[in-house]
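Colleague: As a plain string of letters, each chain reads:
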Amino acid sequence: MPTFWIMITVLALAAAGFVVGRSQAVRAVSGNTRLLHSRPNYYGWNVALFTALPPLLLLLIWVLAQPAIVARAVEDHIPAEAIADNESRSLLMADVQRSATELGRAVSAGTLTEAEAAALTPLDKAAFDRLAKAGAKVSDTPHVLAAAQDYRSINKTAARLLTGLALALALGGMALALSRTVPEFRARNVVEQVVRGVLILCSLIAIATTVGIVLSLVFESYNFFRLYPWQDFFFGTEWTPSFGGGSKLGILPLLWGTLYISVIALLVAVPIGLFAAVYMSEYASQRVRSIVKPAIEVLAGIPTIVYGLFALVTVGPLIRDWLAMPLGLGNSASSVMTAGLVMGMMLIPFVSSLSDDIINAVPQSLRDGSLALGSTPSETIRQVVLPAALPGIVGAVLLAASRAIGETMIVVLGAGAMARISPNPFEAMTTITVKIVGQLTGDNDFASPETLVAFALGLTLFVITLGLNVFALYIVRKYREQYE
Amino acid sequence: MNDMYLAERAVDTQARPIKFKCSDVQVWYGDKHAIKDVSVDLEDKTVTAFIGPSGCGKSTFLRCLNRMNDTIPVAKVTGRMLLDGDDIYDRRVDPVQLRARVGMVFQKPNPFPKSIYDNVAYGPKIHGLARNKAELDVVVEKALRGAALWDEVKDRLQETGTGLSGGQQQRLCIARAVATAPEVLLMDEPCSALDPIATAQVEELIDELRETFSVVIVTHSMQQAARVSQKTAFFHLGNLVEYGSTDDIFTRPQDPRTESYISGRIG
Numbered sequence: 290m291p292t293f294w295i296m297i298t299v300l301a302l303a304a305a306g307f308v309v310g311r312s313q314a315v316r317a318v319s320g321n322t323r324l325l326h327s328r329p330n331y332y333g334w335n336v337a338l339f340t341a342l343p344p345l346l347l348l349l350i351w352v353l354a355q356p357a358i359v360a361r362a363v364e365d366h367i368p369a370e371a372i373a374d375n376e377s378r379s380l381l382m383a384d385v386q387r388s389a390t391e392l393g394r395a396v397s398a399g400t401l402t403e404a405e406a407a408a409l410t411p412l413d414k415a416a417f418d419r420l421a422k423a424g425a426k427v428s429d430t431p432h433v434l435a436a437a438q439d440y441r442s443i444n445k446t447a448a449r450l451l452t453g454l455a456l457a458l459a460l461g462g463m464a465l466a467l468s469r470t471v472p473e474f475r476a477r478n479v480v481e482q483v484v485r486g487v488l489i490l491c492s493l494i495a496i497a498t499t500v501g502i503v504l505s506l507v508f509e510s511y512n513f514f515r516l517y518p519w520q521d522f523f524f525g526t527e528w529t530p531s532f533g534g535g536s537k538l539g540i541l542p543l544l545w546g547t548l549y550i551s552v553i554a555l556l557v558a559v560p561i562g563l564f565a566a567v568y569m570s571e572y573a574s575q576r577v578r579s580i581v582k583p584a585i586e587v588l589a590g591i592p593t594i595v596y597g598l599f600a601l602v603t604v605g606p607l608i609r610d611w612l613a614m615p616l617g618l619g620n621s622a623s624s625v626m627t628a629g630l631v632m633g634m635m636l637i638p639f640v641s642s643l644s645d646d647i648i649n650a651v652p653q654s655l656r657d658g659s660l661a662l663g664s665t666p667s668e669t670i671r672q673v674v675l676p677a678a679l680p681g682i683v684g685a686v687l688l689a690a691s692r693a694i695g696e697t698m699i700v701v702l703g704a705g706a707m708a709r710i711s712p713n714p715f716e717a718m719t720t721i722t723v724k725i726v727g728q729l730t731g732d733n734d735f736a737s738p739e740t741l742v743a744f745a746l747g748l749t750l751f752v753i754t755l756g757l758n759v760f761a762l763y764i765v766r767k768y769r770e771q772y773e
Numbered sequence: 038m039n040d041m042y043l044a045e046r047a048v049d050t051q052a053r054p055i056k057f058k059c060s061d062v063q064v065w066y067g068d069k070h071a072i073k074d075v076s077v078d079l080e081d082k083t084v085t086a087f088i089g090p091s092g093c094g095k096s097t098f099l100r101c102l103n104r105m106n107d108t109i110p111v112a113k114v115t116g117r118m119l120l121d122g123d124d125i126y127d128r129r130v131d132p133v134q135l136r137a138r139v140g141m142v143f144q145k146p147n148p149f150p151k152s153i154y155d156n157v158a159y160g161p162k163i164h165g166l167a168r169n170k171a172e173l174d175v176v177v178e179k180a181l182r183g184a185a186l187w188d189e190v191k192d193r194l195q196e197t198g199t200g201l202s203g204g205q206q207q208r209l210c211i212a213r214a215v216a217t218a219p220e221v222l223l224m225d226e227p228c229s230a231l232d233p234i235a236t237a238q239v240e241e242l243i244d245e246l247r248e249t250f251s252v253v254i255v256t257h258s259m260q261q262a263a264r265v266s267q268k269t270a271f272f273h274l275g276n277l278v279e280y281g282s283t284d285d286i287f288t289r290p291q292d293p294r295t296e297s298y299i300s301g302r303i304g
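Chains as they are written, first to last, in this note's numbering: chain A, 290 to 773; chain B, 38 to 304.
One chain only, chain B, in its complex shape:
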């Protein structure tokens, strides 16, 4: 399966426009220097995977991209992160507006204790993406179809979202994020709480989402990174060690640390 994906992607390596341009990003948690001097350009309509051992800073860096680190009082971020050329850490930028453009799916499925419909409709309602109930119905259906969940839940939209299985919950969370119509979708280990079948469904979904969004995914599974991503960034101890096309990282790593990690010697 791995080889199949790699073969498919060989066709697909032309450069795309840059969505996120990050330079010299530093993050401190209090005294701890969590991210050191990271510069990376994330492409549009591409799945970029962040890999690396636990505690290497990949999730921290991901959370910088939609300023979720703002909710942690001791976190401090410096450097420049440009989304379509605009600095997201500029004082005039409201993180609330930023997060509407850069959505996020978390490690553990976290559906709201509302109905399935209301879970998906939550974002569109807040951002006024639908003028009436009929439009909202369309948005919800589209998002659920986009998350490959529609056929399973179309007859029980009013049932509570917490009653779904783990994989369905995670796809519901993806549908919820998709419904808000973001430009970038961040995923923090979205499959780590799921069984292999649910993982396969979500991975398939991620590949489809690439048509519409720029997707950044943090993962512990190198097979997953190889399966779903076009670009891969390897983090180690807060540093971005290597960044390049997934093919190159997995077949011709430049840095000895990357090679040790992907061959299972560190991490």
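Only chain A is shown next, with the shape it has when bound in the complex:
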């Protein structure tokens, strides 16, 4: 039975188990459910969980483990001299798998009978002619064919074994759970423990993903640093990758571009966002606020690629024609200034929305206290409200900063792809993220420093943004403690 149908069967059994378990519990107390330890549904869930979880767990492990085990078993057919190195081993195994799949398809299409497929040899010209006519590409190398046939038979046995085991586990689990379904049984506690397990599992998945990402970055970065000296990477001021060799892969020009653009973006976003937040929370009437706030938040919903287009088509040429050229500072439409300005616009809703929430969280009693001392609304905001909200606002700004540092699309389209260190904001520069994309797109050799450098760049970026996020969280937490 295919895996999918095993799953459906198990789930159907679980559903049946729920109904049976529940009614058995209710019947045991002749309908007076107050005599049960738990509510009737918990007895149903208990049976359903015991029916479904063991076979599903088995299925998961089986599906993950089967390919490797079968491949190991089949490898015996392949002579050692056919395997030159690791690469051709995996190629050969792919051939075996494909041949096995094609044979299976030929059998189900009626081109071959099951017995013919099992007994097929490379010498059987007639059978191979029929296969070729049907479009089935079965390898005629003797050891590959033998391995493919073995592969099929093992897989078939395995599938039968799996079906039997899974159904046995399901029925066994159901029987066990039903035998325990008596009024005194603490079904709720059991179910709640399972639910807690699920909750823990979900949070572990998030953590495991982070760990996995970091590990893959660290591993590939390690490979990179074996091929390229770390001093040249961290302190090199030149970025000239060439796949022919002799690349210079210094991170400094990219770091400079990243920080320069982020700083401009924050210089735009922080004052505008903060003032918008002050207006919305302190001066705007309820009606105005209910319109303006969502309108600003629309900005946050625009995909960054659209911002990038805006930078490329509108802002870039505008800055070149009205600022850079008249000032004699260059004639490039892509510039740090363009990317920074547009990214700043993108960040406005982050800053304003978070700051607005934070300013609103400052207790009204502080404003009243200040106003009652005869201070003006503006003195109240500057000297009482903003200082009280400052830690939260700093947190918001740092979150915006880590967004800015990680941003890619706006930079590609707005600032270009030239890696250089220059103080002139009207020149094209580029960032770490853009170069990561650049080094990994295309048909590259994954063992060269030119490709692996992307992981080292990614790791550096990760460390920078992680540091900012941790700092932001620390500050936000400190703020939270203040009014509790």
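No lab work stands behind these hints, which were simulated from the structure alone.
Note that beta-carbon positions come from the ideal geometry of N, C-alpha and C, so glycine has one too.
Among the clues, some could well be false.
Stated by the list, open to error - To give an idea of the interface, some chain B residues facing chain A are shown, with a C-beta separation under 8 Å as derived from the structure:
1. Ala112
2. Arg136
3. Met141
4. Ser152
5. Gly160
6. His164
7. Cys210
8. Arg213
9. Thr217
What the hints assert, rightly or not - Using 25 Å as the maximum straight-line C-alpha spacing, the simulated BS3-like pairs for lysine-lysine come out as follows:
10. A:Lys445 x A:Lys426
11. B:Lys113 x B:Lys73
12. B:Lys69 x B:Lys82
13. A:Lys767 x B:Lys73
14. B:Lys58 x B:Lys145
15. B:Lys151 x A:Lys767
For chain A, the structure is supplied; the task is to place chain B on it using the hints.
Modeller: Frame of chain A; chain B shown alone:
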């Protein structure tokens, strides 16, 4: 203790100049008529207590005296309220200036998240009451002494004001209001969040403040009104039912509603 205070005050009943003269004051919160036709004259250098059941409008009326109701968009105030003869609801009056003359202490202590020193120095700095740091130090010390807090905090003026105990916080708020040198001090249930010991300290303080300011206090506790005030106004359902010397209100109430309230039958 109650009797002692009453006895003490018997000496002290001569009429004083009028500080606040209010006539025909009406307050609406949207459609709700919160204050109806209230006319009352508040005396200078006197503690006046506003008592009455919850929702009777006493806090609303108090907040009219320094126009704190302006911060509530739906509130509307009519009638005349004269502070030293000038209408505080006149269009030429800036509520900011008014509030510098009529300070306020709130129900819940609300120190700013600044140091103790900066909390007290906040008002004087804004109003330019000190020309330099030395003068400011003097003002702060005087206000903290006035609020009977100096001895407890003089060694930790730079610590944050929110770290003080509830009673200390409330006295810090009083010091903050006193430092601004107002003429009238409004107190909206200043002891309702405090324990009995802190309450006693604040009440003692209120009695001392009477030397310098005209104090108006809203309270739910009739014992407190009897202990600290010279004049008492009883509010009920938005009306000023009875106003007179505290002795008279508590011993010879004219209105049956006042009598029911102070004897605990309504409210």
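Colleague: Of all the hints given earlier, name the ones this structure violates by number, lowest first.
Modeller: 1, 4, 12, 13, 14
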